[in-house]
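**Q** So the chains spell out like this:
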Amino acid sequence: MTLFLEQCLNGLQFGLLLFLLAAGLTLVFGIMDLVNLAHGSLYMIGAYFAATFADWTGSFLIGAALALGATLLVGMAVEVIVMRRLYGRDHLDHVLGTFGLILFFNEAVRLIWGPEGLSLPLPSWLNTALPILPGFDYSAYKFSIIVVTLAVAIFLYVLVMRTRLGMLIRAGASNREMVGALGVNIKLLYTLVFGLGAALAGLAGLMQAPILTVQIGMGENILILAFVITVIGGIGSVRGAFVAAIFVGVVDTLGRAYLPDMLDAVLSPDAASTAGPALSSMLIYLLMAVVLVVKPEGMFSAGGR
Amino acid sequence: MKRASLHDIAAAALLLALALLPAYTQLTGNLFLLTLFTRIVILALAAASLNLILGYGGMMSFGHAAYLGIGGYAVGILAYEHVYSGFVQWPVALLASALFALVIGALSLRTRGVYFIMITLAFAQMAYYLIAGLARYGGDDGLTIQKPSRFFAPIDLTDKTQFYYLCLVLLYASIYLVWRLTNSRFGMVIQGARSNDTRMRAIGFPTYRYKLACFVIAGTLCGLAGALLANQANFVSPAMLYWTRSGDLIIMVVLGGMASPFGAVFGAVALLVLEEALSGITEYWQIILGPLLLLVVLFARGGIDGLLHSLGRRLNLQAKAEP
Amino acid sequence: MSAPLLQVEGLAKRFGGIVATDDLTLEVAAGELHAVIGPNGAGKTTLIAQLAGQLKPDAGRIHFDGRDITALPMHRRSTLGLARSFQITSLFLDFSVLDNVALAVQAHAGHSFRFWRNARGEEELRQPARAALERVGLSARADRPASALSHGEHRQLELAMALAGNPRMLLLDEPMAGLGPEESVAMVAMLRELKKELTILLVEHDMEAVFALADRITVLVYGRVIASGEPSDIRANAAVREAYLGEQEAAHG
Chain A
1 MTLFLEQCLN GLQFGLLLFL LAAGLTLVFG IMDLVNLAHG SLYMIGAYFA ATFADWTGSF
61 LIGAALALGA TLLVGMAVEV IVMRRLYGRD HLDHVLGTFG LILFFNEAVR LIWGPEGLSL
121 PLPSWLNTAL PILPGFDYSA YKFSIIVVTL AVAIFLYVLV MRTRLGMLIR AGASNREMVG
181 ALGVNIKLLY TLVFGLGAAL AGLAGLMQAP ILTVQIGMGE NILILAFVIT VIGGIGSVRG
241 AFVAAIFVGV VDTLGRAYLP DMLDAVLSPD AASTAGPALS SMLIYLLMAV VLVVKPEGMF
301 SAGGR
Chain B
306 MKRASLHDIA AAALLLALAL LPAYTQLTGN LFLLTLFTRI VILALAAASL NLILGYGGMM
366 SFGHAAYLGI GGYAVGILAY EHVYSGFVQW PVALLASALF ALVIGALSLR TRGVYFIMIT
426 LAFAQMAYYL IAGLARYGGD DGLTIQKPSR FFAPIDLTDK TQFYYLCLVL LYASIYLVWR
486 LTNSRFGMVI QGARSNDTRM RAIGFPTYRY KLACFVIAGT LCGLAGALLA NQANFVSPAM
546 LYWTRSGDLI IMVVLGGMAS PFGAVFGAVA LLVLEEALSG ITEYWQIILG PLLLLVVLFA
606 RGGIDGLLHS LGRRLNLQAK AEP
Chain C
629 MSAPLLQVEG LAKRFGGIVA TDDLTLEVAA GELHAVIGPN GAGKTTLIAQ LAGQLKPDAG
689 RIHFDGRDIT ALPMHRRSTL GLARSFQITS LFLDFSVLDN VALAVQAHAG HSFRFWRNAR
749 GEEELRQPAR AALERVGLSA RADRPASALS HGEHRQLELA MALAGNPRML LLDEPMAGLG
809 PEESVAMVAM LRELKKELTI LLVEHDMEAV FALADRITVL VYGRVIASGE PSDIRANAAV
869 REAYLGEQEA AHG
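Protein chains in written order, with the working numbering: chain A, 1 to 305; chain B, 306 to 628; chain C, 629 to 881.
Since the hints were derived computationally from the structure, they do not count as laboratory data. Mixed in with the good hints, there may be bad ones.
[Unchecked claim] Pulled a few chain B residues facing chain A out of the computed Cβ check, cut under 8 Å:
id, residue
1, 423
2, 424
3, 559
[What the hints assert, rightly or not] Derived CB-CB ranges, DEER-like:
id, chain 1, residue 1, chain 2, residue 2, range
4, B, 317, A, 89, 31 to 37 Å
5, A, 286, C, 700, 31 to 37 Å
6, B, 616, C, 850, 53 to 59 Å
7, B, 396, A, 84, 46 to 52 Å
Please read these numbers as outputs of a predicted model, since none were measured by experiment. Note that CB positions come from ideal geometry on N, CA and C, so glycine has one too.
Using the sequences provided together with the hints, build the complete structure.
**A** Written out as structure tokens, the structure reads:
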């Protein structure tokens, strides 16, 4: 039972991490109508920066904070140099252009940090188990990820729903020209939004770094999941992204944990060993395909914030 | 009488050069060049099939590499089970690709825009995981093919020159097929649907079924390329299906230009030759390719096709005064 | 009296809180030119979209030539003889003018699973296309790209495409939109000619054109029919004057 609970928490943690990525993606798409394939690169850069800065300063937290700032800067630079020229163009152009960025970033990272990945060890005070319930311990670090991402989610909610900036963001999503006509500095708004997305991606990257390896191409694998979430949740909807992310995280984690065993019970061992891992990997994509077939605009299409 | 444009001359020259290549490699003994260009020709075929749906049909599929993998694995799996006859392998490869394209297309074409991109991507990933999960056929490590596809004598695919010419002939045939297709009534519907799908339906075309047919044709052609690729490398692996490979194909199509069937050939040659040339200079060549792609998207959207056309116009204007 | 060619009963459509079409009933007799007028936001384009099959009504029925077409998909309505032009230019801009019309012809020339013959060489497609262009007066521009045409010529092309399928009835959505005075006169003359062979439902803002052409007029306000009848009755109708014509007369002085 505790194992199941642990897997559920793992799913929640994974889902929340995916939410950080998906939120940035969906905001950028919803407001600037920009499909950004290079979002995963920002995730990767966040992780690489964190590993490096933590190593230099000897402190995990300071390294993380520096990495966050650095990723924010890189994000804003990318927005000014590249993204501005892509706004208003065909989505195909976005996909191609940002694909080019992926190639660039992957190679740049390889050039600077070398082909082997890095590692980011956990500080001892996080590397313990927390007694969540009597008799049930959970990784303190993973728990802190849950706490931090929930805090960020709340922050995003407050930002988008309660602040002036958030109002501009929501307005910009429904009517770009109007917001510009109101005298708001659209360029600055876009840079800020993109920077926010980059920071979120970087945060996700640096938080995942101690658990997974920090390596080139780590962005691409998770990017697809983020896109799947964006699609399921409805493009432009942060709320949709939240729900979809949790759902996807839990389903994916539980699927990987239990599906092979479930198949074992039903199929022959040979077939199960083949089908098990394949099916659990495919599960999320099957889910997205089902959603799109049933509701081609996503579950909560833009409008729900 | 239409004067031959610079674009057409360049295309003809390229096709001629490709035909003469084996003679060159025989003379210079540069076998590597033959292998490289065999790969280029095969990928040009794959790119031409993508151009059909992307350039003409406006269907941005990010999962086209899946058919390379399906076609390739059809050959690979049958070879593993000791079925070496090309007469069995290749039709199976084509059929499997067509079936996958039918299912994937039928579901994906219900969506549009970025959702279409995402769902084709998702399906390709599913195919990837499916194949990577086939432990019997090598899983992640891939599958070596012991013998190439066997046809009747004198066709011998172990002969690299013969194989090259087979691929080249198939490329020529595919380009011709695409050219005919896009100028036919069917092609008009496909291009019309790209231009304005709502209007097409308003004037009476059930565009879905035409787009689906186009999708299946493209997938089948790409499956053929996959079967060829399997024979070229004597090896297939799940990496053939990974979504970044679909990205490579898209780059070829855009780089070459989507306005003509030749674009795919220009694109495949340009990309792969560029890769070879750049990797000679630095092992970090993708750091140049990335921004280059971005620049093409921003400033040379018509790709090599477009550049040749505008260059040709400029040269014509300088050669004599046009009325 | 023969049955009406187009019969709309109790049509209704909402978008969230907005009622675009409200229990709309109207009839168009065969051979007549029936105009639909109303202030902006009256739901005229929404009506056309539902008649053409682009939008699905929430309630109500549409009968064309005695047949219930309410659930019929858009591409099938054209085959039945119900053609439509668009208010906002909706052409194939990267094709030539002739290609545009030829496509409209092709839609009615059997299935298009023909993969080999060059469609641009098929006289059975090109001939009717040229004829349609001739009718609207665009023959001289046949080989130009559609994107190169002026706005007025775009409206002409719209009309040519609607005609190319030999429809029985035309749904015209503001064909005069954006036309200058000379072009408007030409368009009215053209519509007067077409009236003789086709049934037309005309949505328009241009009151001169409406009163010059219409056999009957229906007035819409907020998606509801507030009056329907002969032009002289409509002119005299107090409610109509107040809701709509009053503004127009004030504007025109």
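**Q** Please go over all the hints and tell whether each is borne out by the structure.
**A** Structure-based check of each hint:
| no. | hint | result |
| --- | --- | --- |
| 1 | 423 | 5 Å, holds |
| 2 | 424 | 5 Å, holds |
| 3 | 559 | 6 Å, holds |
| 4 | 317(B) x 89(A): 31 to 37 Å | 33 Å, holds |
| 5 | 286(A) x 700(C): 31 to 37 Å | 34 Å, holds |
| 6 | 616(B) x 850(C): 53 to 59 Å | 58 Å, holds |
| 7 | 396(B) x 84(A): 46 to 52 Å | 51 Å, holds |
Comparing the model with each earlier hint shows no violations; every hint is respected.
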